[in-house]
Amino acid sequence: MSAFVSAPIRRVTTRGNLQLSAVSKRFSKRGALILDEVTLNCKPGEFVVVVGPTGSGKSTVLNIAAGMLKADQGEVTLDGEPVSAPGPDRAVVFQEHGLFPWLNAEQNVGFGLKMRGVSKSERNDRVQEALQMVHLAHSAKKLIHEMSGGMRQRVAIARALILNPAVLLMDEPFAALDAQTRTLMHEQLQEIWQETGKTILFITHSVGEAVRLADRVIVMHAHPGRVRKEIPIELPHPRNFDSRDINDIVRHVRTEIEDEVNRVNKHLAEDFWKPEKRTDLGSADRNLGSGI
Amino acid sequence: MLIGIWEAAFRFYGWKAYLFPAPSHILQSFLEMLNLEMLNLDAHPRGSFIQSPLLLGLQVSLWRLVAGFWLSLLIGAPLGLLLWRSKLVDDVFGPFLLGLQTLPSVCWAPLAVLSLGLDYRAVLFVTVMGSAFAIALSLRDGMRTVPPIYQRAGKMLGAHGWKFYAYILMPASLPAFVSSLRQGFSFAWRSLMGGELVLPTPAPMGLGLLLEHGRNLADVARVVAVMIVMIVLGMLVDRLLLAQVEKWIHTRFGLTQAH
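Line by line, the protein sequences give chains V and A. The opening residue of the first sequence carries number 1 in our numbering; numbering runs sequentially from there. The opening residue of the second sequence carries number 1 in our numbering; numbering runs sequentially from there.
Please note that the accuracy of each hint is not assured.
[To be verified] Label pairs and their calculated CB-CB ranges:
id, chain 1, residue 1, chain 2, residue 2, range
1, V, N124, A, L240, 34 to 40 angstroms
2, V, Q132, A, F96, 53 to 59 angstroms
3, A, L74, V, E191, 37 to 43 angstroms
4, V, S24, A, L240, 55 to 61 angstroms
[Said to hold, decoys possible] Here are the computed lysine-lysine pairs in the DSS-like style, where the Cα-Cα straight-line distance is at most 25 angstroms:
id, chain 1, residue 1, chain 2, residue 2
5, V, K142, A, K155
6, A, K247, V, K141
7, V, K120, V, K70
8, A, K87, V, K29
9, V, K70, A, K163
[Unchecked claim] To list a few chain V residues with every Cβ distance to chain A over 10 angstroms, as calculated:
id, residue
10, M68
11, K70
12, R90
13, E96
14, K114
15, H145
16, D215
17, P232
Derived from the structure by calculation, the hints contain no laboratory data. Where a beta carbon is used, it is the ideal one built from N, C-alpha and C, also for glycine.
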């Protein structure tokens, strides 16, 4: 077994330089441009959050980084190596968790190691370690449908971390959770990130979430998706989520987004309904019902 | 309760026993069939069931059912997977299979007799034709309900090649597969009984032919008795076996609970 596979989860800051250079994407040949020359550089160990309105292609950015979608133009590299297919060096945490219902929590977490042929005893140790990291050591035998939404996402995070990926890709992982659970998850994720030093690319539509977690917030522009602004969040970790600094920054970023949302809404409204000068209503030959 | 009213009504109104039997007649006929040397079975080696047309029929029909069901599965399951995997195959054969599925399976009987001759092979053919396409189509539809996120998650976790099939696709499609098995079984059972009923294959006779034999003898009690045996057998296999397996899998997958 290679050193890569048997390495424990630990702080690694030399790996995890994820780079998207001028990535463009259309879903069909003549379809709308989803991403227009998006350039994004995640430094090793950096927590980057992409935030943007619907239609800004933020999930597409993540899917391209994960290798689930191919970019039409541009290049994606991880530590200099081009990315072409999904792989365990870029572990993904999905919005709908994507855990396997036929396995229990423990088996879900150990799945990636099993696929690589890691021995059962070593697997057990590392599964325990990963579950402890997300505070779920007591729920190892639970089935997926027996767990709450927050627990499921924690299992999903453990399942991703155990692969010791260079980058953790998170696609609106907490969107379906209630506010209280979400805050708890933010605290835990921050803790895990500090402990492991992973590069994290996190997608969300919530500005509050973005500012709480990020080293750097990327604000996306919609139709087509472009990077509109990059806002570094220069607050030390771990953060107190109720602090005034955070709230000030949230307000600032929110105005950025608001402009964008308003622009998108206007654009959509124009798409849906364009007032036209109608002439046919008034013409006598079209007005079949009158005069009866 | 129902049986009591039935029996009482029979005695009270005194309707003709050769038009519709009373429960007591049915029971009597049932016992007769269980243990009576009324059929010419001398041509066959004397086994334990030889004295009992009902048990012999059960044995014959069950054997055919198992064989026919396995054959259907062997044909239907790969076909269903192929239909699911390949859009081209589905576009070309999907409507055709749906057409075949719409055809009542007994309608295969004349073709079976002409092509295969009047023996157990014709009956098996009818059974397989009746259930293989049902299995294929319901497996295809079931596979389509497997959330694509499992496949994405599997690829991300490094399940490639055969491992992807063995550890992701197969378990993910289990609920769909069991449902299609259940569907296939019910079609196989109906087709088999239909096939046996219309195909007077040489002895040993199955339950379907036993039913037809009852009609030839104008023995209503016997006809109804065999029908009841068919109902009970079909229900036993479905309720006690397949439905239980399905329920277990659905519980495991959390499909019985609202999310």
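Hint numbers the structure violates, sorted upward?
When the structure is compared with the hints, numbers 3, 7, 10, 12, 13, 14, 15 turn out to be violated.
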